[in-house]
Amino acid sequence: MSEVGIEVSVNGRTRRASVPPRLTLADFLRERCQLTGTHLGCEHGVCGACTVLFDGEAVRSCLMFAVQADGAEIVTIEGIAGPDGGLSAVQDAFREHHGLQCGFCTPGFVVSVTAFLRDHPDPTDEQIRDALSGSICRCTGYQGILAAVRAAATASSPSSPETR
Amino acid sequence: MKPSAFEYHAPASAEEVVKLLAELGDGAKVLAGGQSLIPVLALRLAVFEHLVDLRRVDELRGIEQRDGAVWIGAGTTQAVVGRSDLVAAAVPLLARATPLIGHFQIRNRGTIGGSLAHAESAAEYPAVALALGAELHALSPRGTRVIPADGFFTGTWTTALEPDELLTGVTFPSWGDGDGGSARCGFAIEEFARRAGDFAIAGAVVALRVTGTAGEAQVARCAIGLFGLGPAPLRAAAAEAAVTGSAVAEVAGSGHAAEIGLAAMAELESVPADLHGSAGYRKRVGAAMVAQAWQRALAEAVGDGADQNGSV
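Quick mapping for you: the protein sequence lines, in order, are chains Y and V.
Just so we're aligned, residue 1 is where the first sequence starts under the working numbering, counting upward by one.
Just so we're aligned, residue 1001 is where the second sequence starts under the working numbering, counting upward by one.
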């Protein structure tokens, strides 16, 4: 089957490649771009570990083909930290509040939460729980993650400085 | 790579899409948001030689008021539908169903046309389209046609679309207030799923139009849509007929709601059974979902409680 030429911006860097149409975006990122921070759990859209930002929106990279990302801007977990390697507010909060244990699901959570807090800077607990429902974590029991998202929202909201 | 190999096509217009579908025949499948199709391909439950991607077909996206109805392009994502002020005001039931679809990451890619054309019997949008009397617009090399929702969902994952037809959009008619301002509408959706974002074990939508003032108010129109309770989304026609024309006082309250819920289940013939629940369990859940949706829709229509209805 014919390969297709694509040009994708990944974490600000333009990548050109010729790919088989059935190559998922997740496999493209991991195998062609060597960006293995995007994790693959279920590979059919249930676990959320492979979540990346596609033109700013959180999406499952296992439920897209790389050919569909032609011309798009992708941000993976590797693109979330600052250029100096400093952790983002979300990453910092996950570390501070024990929002991870084994870490397998963490890239998907951090990417999803980054998009969620951008769109909902002052979320209720119910909104946070709903937003987290698309990602599965088998270690933490979610309470640390919930606390981390609350803290990240407080930390990045100028109207309510953290008083901890 | 998990899916089997296929040729990829990304035409830029709906006309080119249907031309390709006609040329390629059975081996071709339309790829919209891919949130149902790609899992099916990854699990190799289906194999297609050609995928025709809609991502470059801009004419399939958008939400507009057209002739008193709301038109939504088939390629419009569920996320865009969920954020639309026009949908919230004119088709509140659709707006309220949207957050129940999968998770926000899924809704960022999944499209309304994909949901309707995939026709999963436990999905929200097909039941909403059926209950509200939506019209589905299809394009083929032979031209366009309009398919009423009640003739569109023909069975398990099957629709009235021909193999060379593309769903281009859907229009939702206004249920309107009308009748000199005395009519008011109420809409509600209820579903029960084991986890947030899962397909419902059973769910129901209720759309109501009430006319007349306080003491003489009566149900002028009623639609009850069911999902997860058959091979396709269903209308509870006998239950709808039984309440239409009734005085509100005769159908209000939890006792009446429970009766309506049971009546809606009485007509069901092929309720699915699987490891999540037997057919009998699903009917019990379905009756409860109808009863809850009924009470919320009626409360909204008669103006009790939080009035979220901004219908135009």
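Worth flagging that the hints you see were computed from the coordinates, not collected in a lab.
Backbone N, C-alpha and C define an ideal beta-carbon position, used for all residues, glycine too.
Don't take every hint at face value.
[As the list claims (entries may be wrong)] Coverage of chain Y stretches by chain V, computed from C-beta distances (three or more under 8 Å per stretch; other residues unrestricted):
#: 1; segment: 19-31
#: 2; segment: 59-67
#: 3; segment: 77-87
#: 4; segment: 94-107
*Do three or more residues of the segment 59-67 of chain Y come closer than 8 Å to chain V, measuring C-beta to C-beta?*
n = 7 at 8 Å, threshold three: holds.
Check whether three or more residues of the segment 77-87 of chain Y sit with their beta carbon closer than 8 Å to a beta carbon of chain V. violated (count 0)
**Prompt:** At a Cβ distance under 8 Å, does chain V reach at least three residues of the segment 19-31 of chain Y?
**Reply:** That given contact holds, which follows from 6 residues of the segment 19-31 of chain Y lying within Cβ reach (below 8 Å) of chain V.
Check: Holds or violated: the segment 94-107 of chain Y covered by chain V, criterion of 3 or more residues with Cβ-Cβ distance under 8 Å?
Finding: The restraint on the segment 94-107 of chain Y is violated, since only 0 of its residues have a Cβ under 8 Å from chain V and three are required.
In summary, the structure is inconsistent with hints 3 and 4 from the numbered list given earlier, while agreeing with the others.
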